[in-house]
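Q: Here is how the chains run, residue by residue.
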Amino acid sequence: MPHAPRWTGTRSYLADEALQTTVNVAVALGRPLLVKGEPGTGKTLLAHAIADGLDLPLLTWHVKSTTRASDGLYLYDTVARLNDSRFGDRDVRDIEQYIKLGPLGLAFDQSIPERRVVLLIDEVDKADLEFPNDLLHELDAMRFRVAETGREVVAQARPIVVITSNAEKELPDAFLRRCVFHYIEFPDEALLGRICRVHHPHVEDALLAATLRRFLQVRSIPDLKKRPSTSELIDWIAALKLAGVAVEKIEQGVPLAGVLMKHETDSQRAARLRAPAARG
Amino acid sequence: MFVGFHTMLRTTGVPVGLGEWLTLLQALDDGAIGPSLKEFYTAARAVACRDEADFDRFDLAFSAYFQDAALPANVRQPLQEWLDAPIERPLLSPEELAALEHLDLEQLKALYAERLLEQQERHEGGSRWIGTGGTSPFGQGGSHPTGMRVGEGAGGRGQAIASARARRFRNYRSDVVLDTRAMAVAIRKLRRLERSSRRLELDLPETIDRTAKNAGDIEIVERPERRNQARVVLLLDSGGSMDPHARVVEAFFSALKRGGGLREVEVGYFHNCVYSELYTDMAMLERKPLEKWTKSVPPATHLVVVGDAWMAPRELFAGFGAIEYGMLDPTPGIDRLQELAAAYRSRAWLNPIPDNYWGEPTIAAVGNLFPMFPLTVEGMTAAVSTLLGKGDKRQRPLPARAAQ
Chain X
1381 MPHAPRWTGT RSYLADEALQ TTVNVAVALG RPLLVKGEPG TGKTLLAHAI
1431 ADGLDLPLLT WHVKSTTRAS DGLYLYDTVA RLNDSRFGDR DVRDIEQYIK
1481 LGPLGLAFDQ SIPERRVVLL IDEVDKADLE FPNDLLHELD AMRFRVAETG
1531 REVVAQARPI VVITSNAEKE LPDAFLRRCV FHYIEFPDEA LLGRICRVHH
1581 PHVEDALLAA TLRRFLQVRS IPDLKKRPST SELIDWIAAL KLAGVAVEKI
1631 EQGVPLAGVL MKHETDSQRA ARLRAPAARG
Chain E
-14 MFVGFHTMLR TTGVPVGLGE WLTLLQALDD GAIGPSLKEF YTAARAVACR
36 DEADFDRFDL AFSAYFQDAA LPANVRQPLQ EWLDAPIERP LLSPEELAAL
86 EHLDLEQLKA LYAERLLEQQ ERHEGGSRWI GTGGTSPFGQ GGSHPTGMRV
136 GEGAGGRGQA IASARARRFR NYRSDVVLDT RAMAVAIRKL RRLERSSRRL
186 ELDLPETIDR TAKNAGDIEI VERPERRNQA RVVLLLDSGG SMDPHARVVE
236 AFFSALKRGG GLREVEVGYF HNCVYSELYT DMAMLERKPL EKWTKSVPPA
286 THLVVVGDAW MAPRELFAGF GAIEYGMLDP TPGIDRLQEL AAAYRSRAWL
336 NPIPDNYWGE PTIAAVGNLF PMFPLTVEGM TAAVSTLLGK GDKRQRPLPA
386 RAAQ
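Chains as they are written, first to last, in the working numbering: chain X, 1381 to 1660; chain E, -14 to 389.
Treat the hints with caution; some may be incorrect.
[As the list claims (entries may be wrong)] Residues of chain X placed beyond 12 Å of chain E at every Cβ, according to the derived structure:
# : residue
1 : L1551
2 : I1564
3 : G1638
[Claimed, not checked] In silico BS3-like pairs for lysine-lysine, Cα to Cα no more than 25 Å straight-line:
#  : chain 1 : residue 1 : chain 2 : residue 2
4  : E       : K242      : X       : K1605
5  : X       : K1444     : X       : K1480
6  : E       : K174      : E       : K242
7  : E       : K23       : X       : K1416
8  : X       : K1621     : X       : K1642
9  : X       : K1416     : X       : K1642
10 : E       : K174      : X       : K1444
11 : X       : K1629     : X       : K1506
12 : X       : K1629     : X       : K1606
13 : X       : K1416     : X       : K1621
14 : X       : K1506     : E       : K23
15 : X       : K1444     : E       : K277
16 : X       : K1416     : X       : K1506
17 : X       : K1444     : X       : K1621
18 : X       : K1480     : X       : K1506
19 : X       : K1606     : X       : K1621
20 : E       : K242      : X       : K1444
21 : X       : K1621     : X       : K1506
22 : E       : K242      : X       : K1606
23 : X       : K1444     : X       : K1629
24 : X       : K1642     : X       : K1605
Since the hints were derived computationally from the structure, they do not count as laboratory data. Note that CB positions come from ideal geometry on N, CA and C, so glycine has one too.
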């Protein structure tokens, strides 16, 4: 098996060691990587970062509640064909032109031995209960047949499949068994600082430190409806910079709390954090 | 390779199968996992766990298995020798030596255990620990585990064990596994699809057919979408004896409401037994007479009762049996249940208490009117096939003999 270069995160996506190892194992085994974690910890971005880091093309498939597994393979545009049969100038005997490959189909089709494709299946738990099971066979065999034309779409190299889930629904066991699983933990303070630095390289140290302290304090409020996560923190820093909020303001309260907190009750509780943030 | 670890994982309750394990070994073979315990830890966890709830059990198994085996030989060997030869100990002060003589083996062990625990929880480097742990008292224990813990800090290896032992994922663990998914899958079988929706979809075969007949002039045909027509009337016992089962009832309820994709779920509440009126809210404020529940039941409606059917016999068999204030019904509860049973051809009773208690007189009596099933995933699956008229229709002689 040719050794793919190890993935170590990218300049804008910092990954801890555990994540790096897991990604590399999934890539080497050719197994789908199932990623869970709090919202806003970079599950979706991970696929982008893997594609970036390994310099591979990325295909994305955003799953919705109405998505069916077969949509990912291909769609047969019968209506267009019917229309062409009456009005069009295309040759309706050529069915192939009415077959449109879905993201999974494209990922198979575009995979050539030297160049794998990264496929992101985003929020797999949004779809119907049976959705993941319906994908099992194709993900295992890495091939499928287009019933209308008899053409077989075969992946020359296993695509690197990244699947994200928000745990809205439980996923079937048979599906889980085939995946490599990773739970993105919320980063610790040091990593959080580094992540913020990546996104805001020019923010002053004092502001960053104060923001981080305040942020962690807000996050530690028990029983928040939605705990703010990394993405909210990055947005918050951007907002604070734009609004030109002084460091003292952050030490005295939670300015622009709306960027951090998305629930009315949460904002009210955060607003009570008037006392200066505890230091060190 | 690591067969022992695999067994250990399974005993700890991480549901890792042989297939996944072979996958992991293949990864080791391919060199996808570097030669470090930490990488092995991460990789094994990624392959073996299916849920963050498994992480804690994984950590437990990992630290239990690898605290012995994983210590690199070049660290373990000198340690073992060092522990085996407890003579060279120039650091002991006379006072310490004096104190030591008063400690018997039990005290030593206790102290030793205490220190170990301390070390483990604080997670600090092992150098201090060597200073304390390595000196004579603990040498006597001949304890390999001490050596293990020393190695961890000193060698800078084995961090995986350290982090495994930190058990950061304890909070994600849920010992009470409420598998709503399996329940929802079972409920889904009640589905009865009919084309009576108001939403239309393109009827392709018919369109092609008509178009062909129309000499190629396109004629679009639409038809109603298929919709699930199944309805469920759910009656929940909210009596005090049901409190211990609140979680499983909740799981069932949410599976029915959200996962089942049913057309309608109507919910009623009762206290211990059904009388002349049922409540339509959990707080038991709004009432709806029983005859409204039993009159003109629409087709494809299933009645599911969740309750323990366990009460004082007079609550079920006597007139004015209700123990709640304001519920005055001269008809005995059992007759009311009979009315319900007569109105719903498709009915099932889900009982959260184990079936070896089903010989209790009230449960047995209720079980004669309603096919009774345990409120578990298996029970639900059986209940659903009874509701659909499959499998054995009547489990009538259920309990009576089940418990002696």
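Q: Evaluate each hint against the coordinates.
A: A quick look at each hint next to the structure:
1. The beta carbon of L1551 (chain X) is not kept farther than 12 Å from every beta carbon of chain E, the shortest such distance being approximately 8 Å.
2. Under the 12 Å C-beta cut-off, the non-interface status given to I1564 (chain X) relative to chain E is violated; the minimum distance is some 10 Å.
3. The Cβ of G1638 (chain X) sits about 29 Å from the closest Cβ of chain E, beyond the 12 Å cut-off, so the non-interface label holds.
4. Only pairs whose Cα atoms come within 25 Å are accepted, and K242 (chain E) paired with K1605 (chain X) is accepted, the gap being roughly 22 Å.
5. At roughly 19 Å between alpha-carbon atoms, K1444 (chain X) and K1480 (chain X) fall within 25 Å of each other, so this suggested pair holds.
6. With a CA separation close to 14 Å, the supplied pair K174 (chain E) and K242 (chain E) stays within the 25 Å bound.
7. With a CA separation close to 21 Å, the supplied pair K23 (chain E) and K1416 (chain X) stays within the 25 Å bound.
8. Taken as a hint, the K1621 (chain X) and K1642 (chain X) pair is honoured in the structure, with Cα atoms around 20 Å apart against an allowance of 25 Å.
9. Note on K1416 (chain X) and K1642 (chain X): the hinted pairing holds, with a Cα-Cα distance of about 21 Å set against a maximum of 25 Å.
10. Note on K174 (chain E) and K1444 (chain X): the hinted pairing holds, with a Cα-Cα distance of about 23 Å set against a maximum of 25 Å.
11. At roughly 40 Å between alpha-carbon atoms, K1629 (chain X) and K1506 (chain X) are farther apart than 25 Å, so this suggested pair is violated.
12. For the hint pairing K1629 (chain X) with K1606 (chain X), the CA-to-CA distance comes to about 24 Å; that is within 25 Å, so the pair holds.
13. For the hint linking K1416 (chain X) to K1621 (chain X), the alpha-carbon distance of about 31 Å lies beyond 25 Å, and the restraint is violated.
14. Taking the CA atoms of K1506 (chain X) and K23 (chain E), the gap is near 34 Å; set against the 25 Å cutoff, the hint is violated.
15. Distance restraint check for K1444 (chain X) and K277 (chain E): the Cα-Cα separation of roughly 39 Å exceeds the 25 Å cut-off, and the hinted pair is therefore not satisfied.
16. Using a Cα cut-off of 25 Å, the hinted pair K1416 (chain X) and K1506 (chain X) holds, with the two alpha carbons roughly 13 Å apart.
17. Distance restraint check for K1444 (chain X) and K1621 (chain X): the Cα-Cα separation of roughly 35 Å exceeds the 25 Å cut-off, and the hinted pair is therefore not satisfied.
18. In summary, the hint linking K1480 (chain X) to K1506 (chain X) is supported, as the alpha carbons are separated by about 23 Å, within the 25 Å threshold.
19. Between K1606 (chain X) and K1621 (chain X) the CA atoms are separated by roughly 24 Å; this keeps the pair inside 25 Å, and the hint holds.
20. Distance restraint check for K242 (chain E) and K1444 (chain X): the Cα-Cα separation of roughly 20 Å lies within the 25 Å cut-off, and the hinted pair is therefore satisfied.
21. Only pairs whose Cα atoms come within 25 Å are accepted, and K1621 (chain X) paired with K1506 (chain X) is rejected, the gap being roughly 35 Å.
22. A hinted pair counts as satisfied when its Cα atoms are at most 25 Å apart, and K242 (chain E) with K1606 (chain X) qualifies at roughly 24 Å.
23. Simply put, K1444 (chain X) and K1629 (chain X) have alpha-carbon atoms about 41 Å apart, too far for the 25 Å limit, and the pair is violated.
24. Distance hint between K1642 (chain X) and K1605 (chain X) is fulfilled; the C-alpha atoms sit about 9 Å from each other, no more than 25 Å.
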